[in-house]
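Put together the whole structure using the sequences plus the hints.
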Amino acid sequence: MRLSHAISEMGAALRRTSRNRLALALVLALPLFFFAAVVVTTPRRPVTVELASVPEEEMVMPPLIPIHPLPRGAVLDAPQRAIAAVFVAIAALGAVAALLALDLLQKDAAATRRLVLCGRRPSEIVAGRLAALSCVLAIATGCVAALLPLLVQAERLGVVVLGLGLGAAVHAAYGLLVGALFRRDLVGILLVVLLVNLDAGWLQNPIYYAGAQHRFVIAALPAHGPAQVAVVGAFTDYPVAGATLLSLGWTVAMLAAALVVFSLRMRVARCGR
Amino acid sequence: MSAPVLLEGRGLARSFRRRPVLRGVSLSLHVGEIAGVVGENGAGKTTLLEVLAGRLGPDAGEVRVAGRLGYSPQQVELFDTLTAREHFRLFGGALGLAGWRTEAERWLDRLGFRQHADTLAREASGGTRQKLNLALALLGDPDVLLLDEPYAAFDWETYLVFWDLAAELRGRGKALLVVSHLVHDRSKLDVLWSLSGGVLRCV
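Each protein sequence line maps, in turn, to chains A and B. Note that the numbering used here numbers the first sequence so that position 215 is 533, with each residue one more than the last. Note that the numbering used here numbers the second sequence so that position 189 is 190, with each residue one more than the last.
Treat the hints as calculated values from the structure; they're not laboratory data. These figures come from a predicted structure and were not determined experimentally. Treat each hint with caution, since some may be false.
To be verified - Sample of chain B residues facing chain A (criterion: CB under 7 Å; computed from the structure):
{"no.": "1", "residue": "G55"}
{"no.": "2", "residue": "E78"}
{"no.": "3", "residue": "L79"}
{"no.": "4", "residue": "F80"}
{"no.": "5", "residue": "T82"}
{"no.": "6", "residue": "L91"}
{"no.": "7", "residue": "F92"}
{"no.": "8", "residue": "G94"}
{"no.": "9", "residue": "A95"}
{"no.": "10", "residue": "L96"}
{"no.": "11", "residue": "G100"}
What the hints assert, rightly or not - The calculated label-pair distances, taken between Cβ atoms and stated as ranges, are:
{"no.": "12", "chain 1": "B", "residue 1": "D60", "chain 2": "A", "residue 2": "R337", "range": "34 to 42 Å"}
{"no.": "13", "chain 1": "A", "residue 1": "F534", "chain 2": "B", "residue 2": "Q76", "range": "44 to 52 Å"}
{"no.": "14", "chain 1": "A", "residue 1": "G460", "chain 2": "B", "residue 2": "G127", "range": "40 to 48 Å"}
{"no.": "15", "chain 1": "B", "residue 1": "S197", "chain 2": "A", "residue 2": "C453", "range": "48 to 56 Å"}
{"no.": "16", "chain 1": "B", "residue 1": "R19", "chain 2": "A", "residue 2": "Q531", "range": "47 to 55 Å"}
{"no.": "17", "chain 1": "A", "residue 1": "A571", "chain 2": "B", "residue 2": "G97", "range": "45 to 53 Å"}
{"no.": "18", "chain 1": "A", "residue 1": "L516", "chain 2": "B", "residue 2": "S197", "range": "46 to 54 Å"}
{"no.": "19", "chain 1": "A", "residue 1": "L475", "chain 2": "B", "residue 2": "Q75", "range": "48 to 56 Å"}
Claimed, not checked - Okay, derived cross-link-like pairs now, EDC-like style, lysine to aspartate or glutamate, Cα gap no bigger than 20 Å in a straight line:
{"no.": "20", "chain 1": "B", "residue 1": "K189", "chain 2": "B", "residue 2": "E169"}
{"no.": "21", "chain 1": "B", "residue 1": "K189", "chain 2": "B", "residue 2": "D144"}
{"no.": "22", "chain 1": "A", "residue 1": "K425", "chain 2": "B", "residue 2": "E169"}
{"no.": "23", "chain 1": "B", "residue 1": "K189", "chain 2": "B", "residue 2": "E150"}
{"no.": "24", "chain 1": "A", "residue 1": "K425", "chain 2": "B", "residue 2": "E150"}
{"no.": "25", "chain 1": "B", "residue 1": "K189", "chain 2": "B", "residue 2": "D156"}
{"no.": "26", "chain 1": "B", "residue 1": "K189", "chain 2": "B", "residue 2": "D165"}
{"no.": "27", "chain 1": "B", "residue 1": "K189", "chain 2": "B", "residue 2": "E158"}
{"no.": "28", "chain 1": "A", "residue 1": "K425", "chain 2": "B", "residue 2": "E124"}
Positions of the beta carbon are idealized from the N, C-alpha and C atoms, including for glycine.
Written out as structure tokens, the structure is:
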């Protein structure tokens, strides 16, 4: 991979994103909308939840209400609104990240193909666009992190921000993979909305998780790692190394898959000379 | 002795869902030659150019190119939220052109869209978009140009500029393959092929 080509691609991707008014509006509006929904609908009363990534023997305090089925992870009591705000922050950032990534890889695909014919390598395109996306998502994560203290008195804000960043990374990789796999934008948007809603916006909710069955399914989903990092960081001082590694594993695996699929899609037929 | 061959396609075949579009097409383009391809809608002209350009792999046959190839697709293929100048920069970078700025200025003047150099592609007129589409194919002074209906949205003046340019490129030893519908283009071509039923015939 040639660095100058990746940088050139990054510059173009930043210009394209900065001119995409809908995308920029989403970056700001989606987290605000999600947080507003939390404030309006979620009470402050304490609830008991289970921390999937913290072992049971590390129990924080006895639950206020019996949990069925019996938890296998540590439990904690925390205000429902605070818990909801943390997992909703992951969902909002995840949606923004996946949609921006999808847009960068799927939109103007024919022009991208033309660029490959001119000599740009698919790896340079993916690397450059990912770098541009990282810049935008760093700003989006910063905005969400700035809003979060209004709703949560986090035990370790730095770890929560790490969780948010990992959530953005996992979902950006997912968006790139969907963008590489599908040509039609409607299919891509549906797949992004489905995953983010189901995974980050529903199944990773610690309140739901406490009573869920077949939890291995939930733990195997991409948003599990980032959600655990953020929730554990917000309410405890337990280590988050395992959940961080899980998030990075998902990110790397989906990025690699996106690169392979994108390279195959952009393949140029060989000519003799 | 005939001029050296710059582009050669041998026995090119391509099908889509078992529907054969090209059936063993062979052609060669020589130094300083302008060739045209005509055919009905759906005859496979665009498929032929895409195979020659390397965008589509042939099911059978091979393409040999001597030198660099420039390709202007039938449907304008641009980044909607980049300006013309930014396209030159991006594509010039992909081609490894150090002097892309000079070339960009030249094509902006020659094809007459300097006033739209900083307009986003999505906000440009159809004609301007097509001029940029063509200019990107001309970047880097390619030896072979594959042009798929390059002037469909041009005004008459730009259409004439295009043929002046084509003649100039021919004089400099370039080879051009132009997909065309217009009967009066024939006088400007050295060779004219007709594509019908997946077979290429000299007209």
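May I ask you to test the interface hint for G100 (chain B) with respect to chain A, counting a Cβ-Cβ separation under 7 Å as satisfied? violated (15 Å)
Agreement of hint F92 (chain B) with chain A interface, Cβ distance less than 7 Å: Given a least distance of 6 Å, the restraint on F92 (chain B) holds.
Holds or violated: K425 (chain A) and E169 (chain B), Cα atoms, limit 20 Å. violated (36 Å)
Hey, K189 (chain B) versus D165 (chain B), does the alpha-carbon distance stay inside 20 Å? holds (10 Å)
Take the shortest C-beta to C-beta distance between A95 (chain B) and chain A; is it under 7 Å? With a minimum Cβ separation of about 4 Å from chain A (threshold 7 Å), the hint on A95 (chain B) holds.
Starting from K189 (chain B), check that the Cα of E169 (chain B) is at most 20 Å away, please. This hinted pair holds, its Cα atoms lying about 12 Å apart.
C-beta pair L516 (chain A), S197 (chain B): status relative to the range 46 to 54 Å that was hinted: holds (52 Å)
Tell me if the straight-line CA distance from K425 (chain A) to E124 (chain B) falls inside 20 Å. holds (16 Å)
Restraint check, 7 Å cut-off on beta carbons, for T82 (chain B) near chain A: Constraint on T82 (chain B) satisfied, holds at 4 Å.
Range first: 48 to 56 Å. Now tell me if the beta carbons of S197 (chain B) and C453 (chain A) are that far apart. holds (52 Å)
Less than 7 Å between beta-carbons is the criterion; does L79 (chain B) satisfy it with respect to chain A? Holds - the Cβ of L79 (chain B) comes within 7 Å of chain A, reaching about 5 Å at its closest.
Would the hint on E78 (chain B) stand, with a C-beta cut-off of 7 Å toward chain A? holds (4 Å)
Of the numbered hints listed earlier, those contradicted by the structure are 11, 17, 22, 24.
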